[in-house]
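Protein chains in written order, with this note's numbering: chain A, 1 to 114; chain B, 1001 to 1110.
Since the hints were made in silico from the structure, they are not lab data. Note that the structure is predicted; figures quoted are calculated from it, not measured. Note that beta-carbon positions come from the ideal geometry of N, C-alpha and C, so glycine has one too. Each hint can be trusted.
Label-pair distances were calculated between CB atoms; the ranges are:
(1) Gln41/A with Thr1060/B: 24 to 30 Å
(2) Gln80/A with Lys1102/B: 24 to 30 Å
(3) Glu83/A with Arg1043/B: 23 to 29 Å
(4) Thr1060/B with Ser5/A: 28 to 34 Å
(5) Asp63/A with Phe1014/B: 46 to 52 Å
(6) Ser1052/B with Leu55/A: 25 to 31 Å
(7) Glu68/A with Lys1109/B: 45 to 51 Å
(8) Gly85/A with Glu1067/B: 32 to 38 Å
(9) Arg15/A with Lys1102/B: 25 to 31 Å
(10) Gln1042/B with Lys57/A: 26 to 32 Å
(11) Glu44/A with Gln1045/B: 16 to 22 Å
(12) Glu28/A with Lys1109/B: 38 to 44 Å
The residues making up each chain are set out below.
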Amino acid sequence: DTGVSQNPRHKITKRGQNVTFRCDPISEHNRLYWYRQTLGQGPEFLTYFQNEAQLEKSRLLSDRFSAERPKGSFSTLEIQRTEQGDSAMYLCASSPRTGTGELFFGEGSRLTVL
Amino acid sequence: AQRVTQPEKLLSVFKGAPVELKCNYSYSGSPELFWYVQYSRQRLQLLLRHISRESIKGFTADLNKGETSFHLKKPFAQEEDSAMYYCALPPGGSQGNLIFGKGTKLSVKP
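Isolated chain B (complex conformation) (with noise of 0.2 Å):
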C-alpha cells in the first residue's frame, strides 16, 4: 500500500542553519511528489512538487527513487520558515486525492 513517512514531528534550527525535513515513501511505479506546508493561522498551500524541479523559498526537493525519499531542503533556514510541512503523493496514480505524511513541525529560532 501507499504511504508516506514523515520520522521527525518536530525540527527545530536556528536562523541561517540549513534545514532537511525528510520524507520516504512507499509506492509502486513512478510517485509524483508533493510538499504541502501550512503556516499559522494560514490554510494548507502547496510548497513544491518534484516534477517543476524549481526551488520555492529557496526550497527544494530531490526525488530519490533509490532510497524512495523526497527530502525537502533548504540552505539557510529564515524564522518564516516556521510551519508545518507536510509530504504528499497521490495513490495509484489517482488525479488529486493525496496521502500525507503526519506531517512535521519546522521552528526556527532566531
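With the rest of the complex left out, here is chain A (with noise of 0.2 Å):
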C-alpha cells in the first residue's frame, strides 16, 4: 500500500503523559498536513508543512502540541502534558506541491487519554 501511513492507529496514555504521532506521506508529495477530528465533528486543520517548512500553524495547535518534519519527508506530532480534551482521531493527509487541491488521507491515529 503506497498511501499515507500513520502509526501507532491507537494510543491510550494516562493524563500528563507525553505522546508521539507519526505520519509517512505518499513519497512524491512535499505537502504534508495534520488533522484532529473528534465526535461529531469534521477534520479540523492543525498545520501544514511543505518539505520541511512549517508554513501555517491553526491556534488550536496549543504550546502543548509541537510537528516536525525534519528532512520533508515523514512527520511527527507531539502532544506534551496531555489532557483529556486531547481525546481524538489525528488525521495525516499529503498531497503534491501542484496537482488538483486533493488531500489524501491516512487512516488516522486515536488517541485516548485517561
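Please assemble the complex out of the two chains, which come individually in their own frames, going by the hints.
Written out as C-alpha cells, the structure reads:
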C-alpha cells in the first residue's frame, strides 16, 4: 500500500504523559497536513508543511503541541502533558505541490487520554 | 470568516430514492469546493470537486453562488452509498488546507 501511513493507530495514555504520532506521506508529495477530528465533528486543521517548512499553524495547536518534518519526508506530531480534551483522532494527509488540491488521508491515529 | 455548514447530521433514505446532502458555505470570492467521503472502516477520500464538474459514483454537485450552496445529489441511492460525507473548502485561497463541515451521515436502507 503506497498511501499515507500513520502509526500508532491507537494510543491510550494517562493524563500528563507525552505522546508522539508519526506520518509517512505518499513519497512524491511535498505537502503534509495534520488534522484533528473529534466525535461529531469534521476534521479540523492543525498544521501544514511544504517540504520541511512548517508554513501554517492553527490556533488549535497549543504550546503543548509540536510538529516536525525534519527532512521533508515523514512527520511527527508530539503532544506534551496530555489532557483529556486531547482525546481525538489525529489525521495526516499529503498532497503534491501542484495538483488538483486533493488531500490524500491516512487512516488516522486515535488518542485516548485517561 | 470562511465557514462550511452541513445542516443535517443524519440523512436516511431507502434504496432507489433520490438523495441530496446539503452544504452551504461562507466565503468571499470564488470558492473551490469539495466533497469528501468516508466509508465504514476506510480512510477519508475525495469524492468530487466542483471544478471538475464530473459525476462520481452517480453523484453530482453544482455550485450555486447566489445561494452559496454546493449540495451533493444522486438520483437513485444505493446501499453502498452509506457513509459520512463532508463538504470542504480551502480558506483564503490557501492551497491544500481545507475547512470541513461537520459531516452528514447517509444511511441507505434496503
